[in-house]
Structures are given as C-alpha cells and as structure tokens.
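J.: Protein sequence lines, in the order shown, are assigned to chains W and C.
The opening residue of the first sequence carries number 1 in full-length UniProt numbering; numbering runs sequentially from there.
The opening residue of the second sequence carries number 1 in full-length UniProt numbering; numbering runs sequentially from there.
Source of the hints: derived by calculation from the structure; they are not laboratory data.
Treat the hints with care, as some may be off.
[What the hints assert, rightly or not] When the alpha-carbon atoms are kept at most 27 Å apart in a straight line, the in silico DSS-like pairs for lysine-lysine are as follows:
#1 W/K85 x C/K459
#2 W/K72 x C/K450
#3 W/K72 x C/K536
#4 C/K88 x W/K85
#5 W/K83 x C/K536
#6 C/K536 x W/K85
#7 C/K69 x W/K48
#8 C/K536 x W/K69
#9 C/K69 x W/K345
#10 W/K348 x C/K88
#11 C/K536 x C/K28
#12 C/K459 x W/K167
[As the list claims (entries may be wrong)] Here's a subset of chain C near chain W, in silico, CB distances under 10 Å, partners left out:
#13 D90
#14 Y321
#15 A376
#16 G381
#17 L390
#18 S401
#19 P478
#20 T495
#21 F526
#22 P600
#23 T607
[Stated by the list, open to error] What the simulated footprint calls covered on chain C by chain W, stretch by stretch (three residues with Cβ under 8 Å from a Cβ of chain W suffice, anywhere in the stretch; the number is not a length):
#24 29–43
#25 339–349
#26 416–429
Cβ coordinates follow ideal geometry from the N, Cα and C atoms, glycine included.
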Amino acid sequence: MSLRKFISNKSIAALAVIMTAFANTSAFAQAAVAETAKKPVDMGPVYKSAIFYALAFLLLCLFIAIIGKALKVYELTREAQDKPKGINWNTVNAVLFALFLIVGLYGVYWEYTVHGNMILPEAASEHGKKIDQMFNITLILTTIVFIATHILLFGFAYYYKYTNKRKAYYYPHNNTIERVWTIVPALVLTVLVLMGFLTWRSIFYKIEDPNNKPISIEVTSSQFAWAIRYAGADGVVGTKNFKLINSINALGIDFKDKNTLDDQSADEMVIPVNKPVRLILNSKDVIHSFFMPHFRVQLNTVPGMTSYFEFTPTITTEEMKAKTNDPTFKYLFLCNKICGDGHYKMQKEVKVVSIAEYEAWLKEQPTYLTDDLRKEFNLPVTPVAPAPVDAVADTAAVKTNQLALKN
Amino acid sequence: MSTISLHDTHNHDNHDDHGHHKETFLTKYVFSQDHKMIAKQFLITGIIMAVIAMGLSILFRLQLAWPDKDFPILETFLGKWAEGGRIKPDFYLALVTIHGTIMVFFVLTAGLSGTFSNLLIPLQIGARDMASPFLNMLSYWFFFAACVIMMSSFFIQTGPASAGWTVYPPLSALPTAISGSGLGMTLWLISMVLFVASSLMGGINYVSTILNMRTKGMDLWKMPLTIWAFFLTAILGVLSFPVLVAGVVLLIFDRSFGTSFYLSDIVMGTQILPNEGGSPILWQHLFWFLGHPEVYIVIMPAMGLSSEIMSVNARKPIFGYHAMIYSLIGITILSFIVWGHHMFVTGMNPLLGGVFMITTLIIAVPSAVKTFNWLATLWRGNIRFTPAMLFAIGMVSFFISGGLTGIFLGNASLDINLHDTYFVVAHFHLVMGSAAIFGMLAGVYHYFPKMFGRLMSSKLGYLHFWITFACAYLVFFPLHFLGLDGVPRRYYAFTEFEFMQKWVTVNILVTWAAIIAALAQVAFLFNFFYSIFKGKVSSQNPWGANTLEWTTPVERIHGNWPGEIPTVYRWPYDYSKPGADADFIPQTVPFSQTMGSNMPHDFEGNTESERIQREWEEANPSSDASK
Chain W
1 MSLRKFISNK SIAALAVIMT AFANTSAFAQ AAVAETAKKP VDMGPVYKSA
51 IFYALAFLLL CLFIAIIGKA LKVYELTREA QDKPKGINWN TVNAVLFALF
101 LIVGLYGVYW EYTVHGNMIL PEAASEHGKK IDQMFNITLI LTTIVFIATH
151 ILLFGFAYYY KYTNKRKAYY YPHNNTIERV WTIVPALVLT VLVLMGFLTW
201 RSIFYKIEDP NNKPISIEVT SSQFAWAIRY AGADGVVGTK NFKLINSINA
251 LGIDFKDKNT LDDQSADEMV IPVNKPVRLI LNSKDVIHSF FMPHFRVQLN
301 TVPGMTSYFE FTPTITTEEM KAKTNDPTFK YLFLCNKICG DGHYKMQKEV
351 KVVSIAEYEA WLKEQPTYLT DDLRKEFNLP VTPVAPAPVD AVADTAAVKT
401 NQLALKN
Chain C
1 MSTISLHDTH NHDNHDDHGH HKETFLTKYV FSQDHKMIAK QFLITGIIMA
51 VIAMGLSILF RLQLAWPDKD FPILETFLGK WAEGGRIKPD FYLALVTIHG
101 TIMVFFVLTA GLSGTFSNLL IPLQIGARDM ASPFLNMLSY WFFFAACVIM
151 MSSFFIQTGP ASAGWTVYPP LSALPTAISG SGLGMTLWLI SMVLFVASSL
201 MGGINYVSTI LNMRTKGMDL WKMPLTIWAF FLTAILGVLS FPVLVAGVVL
251 LIFDRSFGTS FYLSDIVMGT QILPNEGGSP ILWQHLFWFL GHPEVYIVIM
301 PAMGLSSEIM SVNARKPIFG YHAMIYSLIG ITILSFIVWG HHMFVTGMNP
351 LLGGVFMITT LIIAVPSAVK TFNWLATLWR GNIRFTPAML FAIGMVSFFI
401 SGGLTGIFLG NASLDINLHD TYFVVAHFHL VMGSAAIFGM LAGVYHYFPK
451 MFGRLMSSKL GYLHFWITFA CAYLVFFPLH FLGLDGVPRR YYAFTEFEFM
501 QKWVTVNILV TWAAIIAALA QVAFLFNFFY SIFKGKVSSQ NPWGANTLEW
551 TTPVERIHGN WPGEIPTVYR WPYDYSKPGA DADFIPQTVP FSQTMGSNMP
601 HDFEGNTESE RIQREWEEAN PSSDASK
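Based on the sequences and whatever the hints tell you, model everything.
T.: Set out below in structure tokens:
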C-alpha cells in the first residue's frame with residue numbers, strides 16, 4: 001500500500017530532521033552558555049539564544065508531529081486488521097472535560113482563598129461598607145451560578161458523550177421551564193438592581209447635616225501630578241480660571257474672589273476620621289481619574305467640568321495598620337484613567353487622622369496666596385498675622401516642587 | 001484526488017442560472033465577487049490581524065511580568081521603542097491601544113461577522129450570492145485598506161495611536177499630551193472611517209440578502225440561529241457604526257481645524273489652549289453608543305455559530321429555538337440603551353447612572369436564557385466531540401464566567417471601585433474576547449469543509465483547544481483579583497506602587513500562560529494552512545447537519561447550487577427525531593417523506609396537513625406506537 005510507504009518515507013525524513021535539529025540545538029546551547037559566561041556586549045549571543053528558543057520550539061513541534069504520526073499509524077493498523085478503533089477520542093475529550101471540571105473547581109477554590117486574600121482590606125468609608133456588603137451578596141450569588149452551571153456544562157459533556165447505543169433525546173422546547181429560567185434570573189436581578197440603585201442614590205444624593213458640614217478639598221489633576229487645595233478658614237474653595245494659569249499661579253486661582261484668600265495648599269491629603277469630606281475634582285489637561293481604592297471612591301477628573309464626590313472616612317491610618325497587620329500600610333489615591341506616559345506613577349498619600357491631629361496639621365499648611373501673587377492681583381502686600389515669613393517660604397518651596405513635578 | 005482546494009471545477013452544463021465569463025486570477029482571488037471567496041479573504045485577513053494583535057499582547061505581557069529585565073532582542077525589532085531591550089512607556093500604551101483596536105474591530109467584528117455572514121448567509125438561506133456582490137467586494141477592500149493604514153502607524157516617527165482603544169479626548173486630541181496622538185492618531189481615525197464604511201456595506205448587504213433572497217419555504221422562523229444572529233448583528237452594526245463616524249469626524253475637526261467639540265479649559269504645561277465650551281464626555285457618549293452594541297456585534301455571531309454547532313454535534317435540536325431568537329432580539333434592542341454603564345464614574349449626572357444600571361442588568365436576563373438553553377441542548381444529547389464542538393462548549397464556559405462578572409460591573413455602586421481596574425480587563429477578555437474567539441474558531445473548524453472542501457485535522461484541533469482553553473482561564477481568572485485589589489489597567493509597571501508589587505509574581509504566571517496559549521495557536525495555523533492544500537477531502541455533509549449549506553456540492557461552485565435552489569420544508573434542528581430513519585432530517589426533506597416522525601407542532605396549525613398526518617397514522621398504527 002502506497003500510504004504505508006508514504007508514512008515510512010515521512011518517518012525517515014522526520015527522523016533525519018530531528019537528528020540534525022538536536023545536534024544543532026545542543027551545539028547552540030553550548031555556544032550560548034559559553035558566550036554568556038564572557039558577558040559580551042555584542043548582540044551575537046542574543047540572536048543565538050533567540051534562535052535556540054526558536055529551535056527548541058520547532059523541536060517540540062516535531063515531537064508533537066511524531067506523536068501524531070505514531071497515532072495515525074496505530075489507528076491505520078487497527079483499521080487494516082479490522083479491529084475496533086484504537087482510541088475513542090470522544091471518550092478522551094469527555095474525560096478531559098470531567099478532569100477539567102475537577103481541577104478547575106479546585107483552581108477556583110485556590111484562587112478564592114489565596115488570591116482572594118490579597119485583595120483590598122475592608123472599606124474605610126461609610127458608603128464603602130454598603131458597597132462591600134453588596135459585593136459580597138453579588139459574589140455569593142454569582143459563585144453559586146458559576147459553579148452550578150459549570151458542573152452542568154462539563155458534567156453533561158462527560159455523561160452524554162457519543163455512543164452508538166443511544167439516541168439523543170428529541171426535546172425541542174418546554175415553555176414552562178423556559179419561563180422559569182427567564183423569571184428567576186429576572187427576580188434575582190431585580191433585587192440586585194434595587195440594592196444597587198438605592199446605594200448609588202445614597203452615595204450621590206447626600207442630604208447635608210448642618211451640624212456636620214463636610215470639609216471641602218479640591219483636587220486638580222495634570223500630567224502627571226495632583227494638586228490639593230484646602231478651603232481654609234471660610235470653608236469655601238474659591239474660584240479659579242484656567243486662563244490665569246502661569247508659572248506662579250499653577251492652578252489659575254482667581255484671587256479677586258475673597259474665598260480664595262485663605263485657601264491652603266498641601267502636599268498630601270490629610271482628612272479627619274468620621275467627618276464627611278467633599279471632594280471637588282477637575283483637571284488641567286486631559287482626563288484623569290481620582291481613585292481612592294481603600295475608600296471605594298472614584299470619579300474621573302475632566303477638563304472643563306467640575307465633579308463632586310462626598311464620603312466619610314471611618315478608619316484611621318493607624319487603625320488600618322493594626323487591622324491589616326502591616327506597619328507600612330498607607331492609604332493613597334492614584335490615577336485610574338489612561339493619561340499619558342506617566343500614567344502609572346501618579347499617586348499621593350492619604351492620611352486619616354483624629355480631628356485634633358487634623359486641625360493641628362492644617363494650621364501648618366501654607367496659603368496659596370504668595371507675595372508675588374499679591375502683586376499680580378494688586379492686593380496689598382501685608383504679612384498676614386498667623387502666617388509668618390517661614391510659611392511664605394514654605395509656599396514657595398511647594399510651588400517649586402510642583403513645577404519640578406511637572407517638568 | 002480530483003479536487004484541488006483552491007481551484008473550483010466549473011460545471012458549465014449545470015450552471016444555467018449564471019451568465020458565465022472567464023475568470024482570471026485577479027477576478028477570482030483578488031477582486032472576487034463570490035461571497036465564499038470574500039468570506040475566505042475576510043477570514044485569512046482576520047487571522048493575520050489576530051496573530052499580529054496576539055504578538056502585541058505578548059510584548060506588553062513581557063513588560064508586565066518582568067518590568068526590570070532587559071530583552072535585547074526586542075530592540076532588534078522595535079528599535080528606539082525598546083531601547084536597551086525595554087519597552088518604553090509610550091510604546092507600551094501604543095501596544096495596548098492597537099491590540100485592543102485590532103482585536104475588537106478587525107478580528108472579532110470583520111474577521112468573525114465578515115467571514116461567517118458572507119459564507120453562511122447565502123448558503124444557509126438558499127441564495128446564489130449576496131444581494132450586491134460588488135458592494136460585498138468593496139466591503140472587503142475597505143476593510144483591507146483599514147488594516148493596512150492601521151498597521152502603517154507602526155512605521156512612523158511618532159508611533160501608533162496610544163490613547164487606549166477608546167481614544168478618549170483630550171488625550172487623543174492633543175499631540176502634546178502623548179506622542180501617539182500625532183500622526184498615529186490621524187491614521188487611526190482614517191482607518192476607523194474606512195472600517196466603518198466597510199462594515200456598513202457588509203451590514204446592508206447581509207440585511208437585504210436575508211430579507212429578500214431566502215429560498216422557497218425558508219420563512220424567518222425556519223432560519224438557522226446562525227442566520228438570526230448575523231441578521232441582528234448586521235442591524236446593530238448598521239444602526240450604531242455611523243454614530244462612531246460622527247464622533248470621529250468631530251474629533252478630526254478638533255484635532256486639525258481648531259474646533260472645540262471635545263475640548264475645553266485645557267492647559268498643557270503652561271500653554272493655555274484657546275478651546276472653550278466643548279466636553280470630553282460627548283466623545284464618550286458617541287463612542288459608547290457604538291461601543292456597547294459593538295460588544296454584542298462581537299458576541300452574537302459567536303452565539304449563533306455555537307448554537308448551531310452544539311445542536312449538530314449533540315445530535316439534538318437546539319432547546320427553545322424561539323426563546324433563543326427572542327433573547328437575541330432582546331439583546332439587540334437592549335444593547336442600544338446600556339452604553340452609559342461605561343461612564344458611571346465619568347462625572348456624568350448620577351441620575352443617568354441609576355437608569356443605565358437598570359437597563360444593563362436587564363440585559364443579563366436574555367443572556368441567562370441563552371445559557372440555560374445551551375445547557376438544556378447538551379442534556380441527554382449524544383455528543384460528538386469534534387474540535388468545533390469543543391470550542392463551542394468552551395465558548396459557553398467563557399460566556400458564563402465573563403457574563404457573571406458583568407453583574408458586578410453593571411452595578412453602578414460596585415463599579416465605583418472596579419471601574420478601569422484589572423477586573424474589567426478580566427471581565428471583557430472572558431466574555432467578549434475569549435468567548436467570541438472560541439465561537440469564531442468553532443466556526444472555522446466546523447465550516448472549513450464548506451470553505452476549502454477539506455477537513456482540518458481533529459487531533460491537532462484537540463491539542464489546540466485544550467491548551468488554549470486552559471491557558472485562557474489561567475490568564476484571565478487571576479486578573480479579577482488584581483482588580484479587586486484596586487490595580488488599574490494600562491499601567492506600564494507595577495513597580496511604582498508598594499501595594500501592587502505582590503502582584504508581579506501573578507503577572508509572571510499570567511505571561512507564561514499567555515505565551516503558551518500563543519504558541520498553541522501555531523497548531524491551529526499549521527492545521528489551517530496545511531489542510532487548505534493537503535487536508536482530508538471532505539464528503540458533502542461531513543457532520544450530518546440539516547442546514548442548506550451541506551446540500552451544495554463539495555466543489556463550491558459559483559452560484560452555490562448546480563441546478564435549482566432547493567426548497568425548504570422544515571426547521572433546521574430535526575436531529576434524533578423519534579421515528580426517523582437517520583438521526584438527522586435535512587431542511588430540504590418534505591414532511592411527506594417522514595410520515596413516521598412528524599409531530600403535531602411541525603404543521604404550525606395547517607389543518608390540511610394535520611388531517612393527512614392523522615389519516616396516515618390511523619393507517620399505520622405500529623409506527624405511532626414506536627414513538
């Protein structure tokens with residue numbers, strides 16, 4: 001039979017190729033080892049190791065091809081001898097599905113317990129607790145569906161594998177069952193939608209408590225830095241205008257507005273525990289995203305548009321250190337919207353402290369208004385009583401710092 | 001071997017429906033107007049683009065796994081973009097951008113819809129060709145031009161577009177914001193306009209062909225689910241793609257003519273831009289108005305193909321044929337009103353967030369119905385594991401896994417912390433990436449005989465499936481947990497943040513899994529191209545399927561059927577019908593030839609047929625008892 005001849009020819013050819021390939025790769029391997037020992041600067045060894053990997057892969061392909069040919073020869077001989085088929089690939093695949101199910105279930109368990117333990121600690125804000133709770137409910141529901149449907153999917157694949165003894169069950173439809181599995185997911189989703197909707201409203205539609213007014217903090221993003229502005233004594237963050245931006249007025253604050261005069265700049269975000277914080281977010285150049293994962297806070301910062309997010313931190317940094325058992329733990333916020341080359345390193349530290357510590361810290365922070373700016377806005381250059389000269393120097397330092405970050 | 005795969009043998013005697021003209025190489029393979037050849041052109045271009053996009057993904061996976069290591073070989077190929085063997089941050093962003101663009105648009109839209117709509121619509125509804133073969137050819141060549149232009153951006157000084165595949169302005173509008181927003185972005189925009197034109201020409205063709213050119217007896221409720229899926233996909237594309245062009249045109253104006261549609265109050269460094277009054281959010285609305293239907297444009301053909309393949313190989317009718325169609329229609333309609341869930345945290349009015357959350361979670365219901373129906377199709381089937389069947393089952397698995405995480409992301413409150421993290425990456429790579437690719441691969445293995453008249457090696461198919469399936473899960477499952485730890489996507493390196501450093505080891509695992517999965521595709525590529533020329537010659541109906549395409553000759557002649565186009569009498573899923581001789585009854589077999597297996601619902605209330613059937617059953621009581 002010509003086919004058999006064809007196979008034997010092929011096998012001989014394959015064997016020849018494998019021999020040469022093996023000889024070559026081992027030669028290259030030796031060469032590569034020798035070259036790396038000398039630590040040369042030229043690209044020779046790099047190419048050689050690339051060729052080595054390519055050949056190793058080719059060798060693997062050849063190996064697979066040989067196995068394939070062997071299987072074919074085996075099956076053809078079985079056929080030629082009128083014996084039943086050697087390998088029942090239906091069974092093989094069915095068993096693989098069953099194995100995949102078992103290994104997969106263990107893998108999911110492993111992932112949930114090992115990687116699941118590496119995720120964010122509990123939410124450090126009031127609304128974050130609600131989000132976490134809803135996350136857990138959703139996780140439980142979806143995990144049940146995930147496991148159940150996969151047991152059915154792979155289980156059916158295993159149990160109903162092909163056999164010529166059986167005929168498939170002709171079962172084109174069943175309106176009752178279809179109604180059930182339309183209505184049940186619809187009901188479950190209704191519950192989830194309601195929960196999500198109510199939580200969402202409670203996050204974004206807050207009724208202000210006159211006795212516990214939020215602290216206003218403005219965050220302005222730019223490539224690739226954050227600028228933080230505290231409202232100062234009047235509790236109001238003053239207006240700004242992008243057209244006023246220059247080298248000494250990095251945010252374009254409009255000092256004609258009285259509310260701006262006491263606005264303070266800060267190098268990090270310090271917030272008091274259990275007091276609502278109202279974030280005023282915008283951007284100088286492209287879209288960034290203000291993301292504070294530990295507090296379940298995220299909102300994009302958009303040029304030309306101001307957005308607001310109000311939240312109440314509930315766990316101080318020190319408490320979180322104890323809870324996570326990690327003395328180096330720190331809160332932070334980072335950029336979560338692609339914004340350019342430096343996207344991956346836009347971060348600032350957040351400290352949650354007691355109200356007393358917060359007030360003490362805030363006193364130390366310089367105002368935005370410097371003598372240079374006073375001159376620019378024709379304001380009287382008078383040393384303000386609580387801010388002595390060194391505070392002004394501080395401001396200048398911060399300014400240069402920000403400029404340095406921008407460059 | 002009398003058949004040579006790429007050379008159709010023309011049978012002039014039987015080819016009386018078409019005026020015949022001599023075909024040259026150019027009209028046959030290049031500017032072909034035959035829907036089967038155009039399908040192959042789309043498929044092979046799609047495969048090439050998929051290989052390129054996969055290569056790009058391996059490059060950025062290398063960077064993520066070994067951020068501190070040099071790969072000098074990269075400098076050889078990438079030059080200044082990988083100086084010293086390390087990919088640069090802006091090139092990293094270009095890689096993720098082009099990977100996303102190619103995969104979503106060029107592979108999973110054109111490569112999937114373009115291939116199988118073109119191949120199957122005329123064959124499965126019984127038409128000689130598309131409604132407009134010329135437009136169809138133009139559709140491919142616009143697509144090809146779009147591919148070339150997109151790839152050409154790798155050969156320019158400033159590099160390809162790098163603002164992410166969603167190209168949000170102002171980043172994409174200002175060349176000073178990122179180097180990729182220079183010429184690279186212009187090429188991206190031109191390429192997308194051509195692509196949309198291609199997709200529209202295709203879509204209009206598919207819709208008009210399905211509505212007007214069905215053979216006798218092929219009413220809408222006798223169409224295979226594949227055709228329903230392609231039909232609704234085409235409608236989605238026709239209605240949503242133009243909106244992207246509108247958005248793209250405005251962006252071109254902003255970039256080149258100084259308008260302010262998307263730009264306002266911007267200061268680059270200390271340079272104050274004059275733009276005022278625009279809104280970057282507008283782009284996001286326009287983009288996602290296409291972008292969300294787009295993910296269904298990607299997944300619905302995969303659903304249709306998997307439904308068909310699972311029914312054929314489980315030798316069992318698809319469970320709930322009508323429910324499957326109604327759920328597809330439901331998905332089609334709902335997909336237009338959910339785009340806002342991509343924008344929960346953009347600063348859009350929170351009221352809208354609430355509304356979009358409701359519509360988004362409703363869309364999970366038809367998806368759940370489809371999943372349960374697939375499971376019910378497998379139940380008590382007699383499953384043959386062809387490679388196509390394996391991929392179809394894999395598609396269902398990915399659709400479940402990825403779909404369930406959608407319930408988290410569709411919930412606006414949970415999205416606050418998950419938005420733009422790796423959780424999102426994991427979610428959409430499973431539900432629309434892996435699931436759609438698996439649907440596509442299932443289609444390739446299943447319809448290969450219809451395209452090339454030969455069979456692909458099933459053993460290589462098994463190898464390909466199992467490695468890819470396992471590795472896809474290894475790649476994407478762990479990524480969910482990075483997202484739950486608040487790790488943002490599109491980060492060049494995790495080294496700048498202390499809390500991310502623990503994930504670098506996971507990244508190494510993921511990268512290795514990705515490399516192995518990529519190498520496994522060699523098995524597919526070899527199998528595909530080898531089998532075109534040397535594969536086992538196929539029989540006319542190798543899978544024992546009911547649909548019309550398997551009544552055409554293996555030689556794949558121009559005009560599809562040598563004689564008259566067959567008439568359709570029944571739905572396409574009469575597999576293992578009790579009382580029938582074979583375990584499948586093709587759509588072309590009239591009920592009068594299968595008296596022993598007819599069921600009351602087959603006649604759809606036609607009293608005359610029911611009477612004839614009743615009389616026959618009275619005359620043949622034995623066969624009635626066997627039911």
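J.: Determine for every hint whether it applies to the structure shown.
T.: Structure-based check of all given hints:
Taking the CA atoms of W/K85 and C/K459, the gap is near 15 Å; set against the 27 Å cutoff, the hint holds. Taken as a hint, the W/K72 and C/K450 pair is honoured in the structure, with Cα atoms around 25 Å apart against an allowance of 27 Å. Taking the CA atoms of W/K72 and C/K536, the gap is near 13 Å; set against the 27 Å cutoff, the hint holds. Proposed proximity of C/K88 and W/K85 is contradicted: the alpha carbons are some 55 Å apart, above 27 Å.
Of the supplied pair hints, the one linking W/K83 and C/K536 holds, its CA atoms being roughly 22 Å apart against a limit of 27 Å. Restraint check: the Cα-Cα separation between C/K536 and W/K85 comes to about 18 Å, which is no more than 27 Å; the hinted pair holds. Between the alpha carbons of C/K69 and W/K48 the distance comes to roughly 18 Å, so the proposed pair stays at or under 27 Å and holds. A hinted pair counts as satisfied when its Cα atoms are at most 27 Å apart, and C/K536 with W/K69 qualifies at roughly 15 Å.
Simply put, C/K69 and W/K345 have alpha-carbon atoms about 19 Å apart, close enough for the 27 Å limit, and the pair holds. Our distance criterion of 27 Å between C-alpha atoms is met by W/K348 and C/K88, whose separation comes to about 24 Å. In summary, the hint linking C/K536 to C/K28 is supported, as the alpha carbons are separated by about 24 Å, within the 27 Å threshold. Under the criterion of a C-alpha separation no larger than 27 Å, the hint pairing C/K459 with W/K167 is consistent with the structure, at around 25 Å.
With its C-beta approaching chain W no nearer than about 5 Å, C/D90 sits inside the 10 Å limit, and its interface hint holds. Contact between C/Y321 and chain W, as hinted, is supported at the beta carbon level, the nearest pair being about 7 Å apart and thus within 10 Å. At about 7 Å, the closest approach between the beta carbon of C/A376 and any beta carbon in chain W falls short of 10 Å, and the interface hint on this residue holds. This hint holds: C/G381 has a C-beta 5 Å from the nearest C-beta of chain W, less than the 10 Å allowed.
With a cut of 10 Å, the hint placing C/L390 at the interface with chain W holds, because the nearest CB-to-CB distance is about 6 Å. Taken as an interface hint, C/S401 checks out: its beta carbon lies about 7 Å from the nearest beta carbon of chain W, inside 10 Å. The restraint placing C/P478 at the interface with chain W holds, with a minimum CB-CB distance near 6 Å, inside the 10 Å limit. Annotation: interface hint on C/T495 holds; nearest CB of chain W at approximately 9 Å, less than 10 Å.
With its C-beta approaching chain W no nearer than about 8 Å, C/F526 sits inside the 10 Å limit, and its interface hint holds. Taking 10 Å as the C-beta cut-off, the interface hint given for C/P600 is violated, the closest approach to chain W being about 12 Å. Hint on C/T607 is violated. Least Cβ distance to chain W is approximately 22 Å, over the 10 Å limit. For the region 29–43 of chain C, the stated coverage by chain W is violated: 0 residues have a C-beta nearer than 8 Å to a C-beta of that chain, whereas at least 3 were required.
Against chain W, the region 339–349 of chain C contributes 3 residues with a C-beta closer than 8 Å to a partner C-beta. That satisfies the three-residue criterion, and the hint holds. A count of 5 residues in the region 416–429 of chain C with a Cβ less than 8 Å from any Cβ of chain W is obtained; the coverage claim is therefore met, three being the minimum.
Of the numbered hints given earlier, the model fails hints 4, 22, 23 and 24; all others are met.
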